[in-house]
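Residue numbers (this note's numbering), protein chains in the order written: chain A, 1 to 299; chain B, 1001 to 1227.
Just so you know, these hints were derived from the structure itself, not from any lab. None of the hints are false.
Derived lysine to any residue pairs resembling SDA-like cross-links, with alpha carbons at most 20 angstroms apart: (1) B:K1054 x A:E284; (2) B:K1054 x A:I285; (3) A:K262 x A:W296; (4) B:K1054 x B:S1010.
Coverage of chain A stretches by chain B, computed from C-beta distances (three or more under 8 angstroms per stretch; other residues unrestricted): (5) 246-257; (6) 265-273; (7) 281-287.
All of these numbers come straight from a predicted model, not from anything done at the bench. Backbone N, C-alpha and C define an ideal beta-carbon position, used for all residues, glycine too.
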Amino acid sequence: MCGIVGLFFKRGEATQDLGPLLAGMLSQMSERGPDSTGFALYGDAAPQGAFKTTLHAPDAEYDWAALEAELGTAFPVPRPARRYGSHAVFTLAANQEQLFAWIARHRPEIGTFGFGERIEVFKDVGLPDEVAERFDLTHRSGTHALGHTRMATESAVTTEHSHPFSTGPDLCLVHNGSLSNHNRLRQSLRRQGIQFSTDNDTEVASGYLTWRLRQGIGLTEALEAALADLDGFYTFAVGTKDGFAILRDPIACKPAVLAETKDWVAIATEYRAIATLPDAATAEIWEPHPATVYSWRRQ
Amino acid sequence: MIEIDLARSSVRGLNERLHRLAPGTNEHYWRVLNPNGAHAIAVGITEPIHVEIKGHVGYYCAGMNAAATIVVDGHAGTGLAENIMNGLVRVNGNASQSAAASGRGGLVVVQGDASARCGISMKGVSIVVGGSAGHMSAFMGQAGTLVVCGDAGHDLGDSIYEAEIYVAGSVASLGADCVEKEMTQADIQRVAALLDRAAIATKATCFRHYGSARRLYNFHIDHAAEY
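Using the sequences and the accompanying hints, generate a full structural model.
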């Protein structure tokens, strides 16, 4: 099972509507994925030269203030960290490689869930309504967001195994389905320098896209290459800094519905998630074709 | 007219009321409001009533229908009219995958497009798709008729037993053991009658006929030594 939702406003500034609308969509996908819930929000941009990173602490009593002070000695911190339960969003003048290397050396217990100018990634074990509450989703703004409810089939139910998975700066992936060649592919991607923190199949798809994008090709081309290299069932939704993309496997094993109005585009595993949106009744609604990349960019 | 608003009452409550209808009921006309993609709306109806659903429905709408006329004024999710036994199910929009799956009788009309595996394992149902049908439609069809007024996707009629398929547009590819057959006068009459019942205005003469080559499931005496 699993449920995917995504909402993308085509133009304009970050809107306060995003968080509550995404929470409503996620809630509709509870039965499809009661194990864990996650979402990626594209909110306000980091100041010029800085990036946002979403970090995850293994315990609720984690001393974020100490970490912030320590990070401040290594990198400029133009904006204070914002804490949301077990997660915190740091804004630092450091590139991804420098920052992740620093964390791996000094704070290996910390998970790095997202990195980029605008992306913030939150995920945890639990039902959508609980997880949305934990991360204050209904008070969060942004221009677009992807969410996922997980019914685990091939690896453990933990925060780390939850979706979305980050595929690179401002990029993330959510997946409904399962991959059958992920073990072999993980081995070969490791040899290419891609790092993995779980035994999850979706993380391999995420790593695969990271590897392809590093080669300098575009997201659409990377997803088209995935059609040949990933074996299994999937509906993928990929978030980018200013858009998102959808791909279903060649036999369209896993469901997906797209809806579009003049203001927004939405994806969901089932229409009932889209039905919660304003203007859903008058939206153009269709099912994405198999093996076809759909993508949108903000105007 | 009995009106049920699913924004205020449950699908289970609706279905229970529909299942309690006795033969000869005078509660003939039902209207369902605010389906909002809910699953299993109006399933298992045994009386010849009329149900109109105003909006998009989720999975398995009108499943196991035995006698009712059910009209969805919107799109339908996966498994529309699954295992339909008789009656009429009409969708004014598009239907997602596996529409009329394993249907044994009755008529399913999709005014727009039907997605993948339309009529999978059909066992006697008649299906008319006003638009196009997705890949692997009529997969393992055993009996019944699939009429597609638009195009058909890849692997049409894969591993088909005995169902009849008629397509007016292009066929991306035929599945294993599915072949084109002669479009006889009897075929034209059959398609015309179904289009008439479906109230879809397309000329029956512009369809091509596909069906089973019967090489896949028949025992060939020539191969006896191989077993």
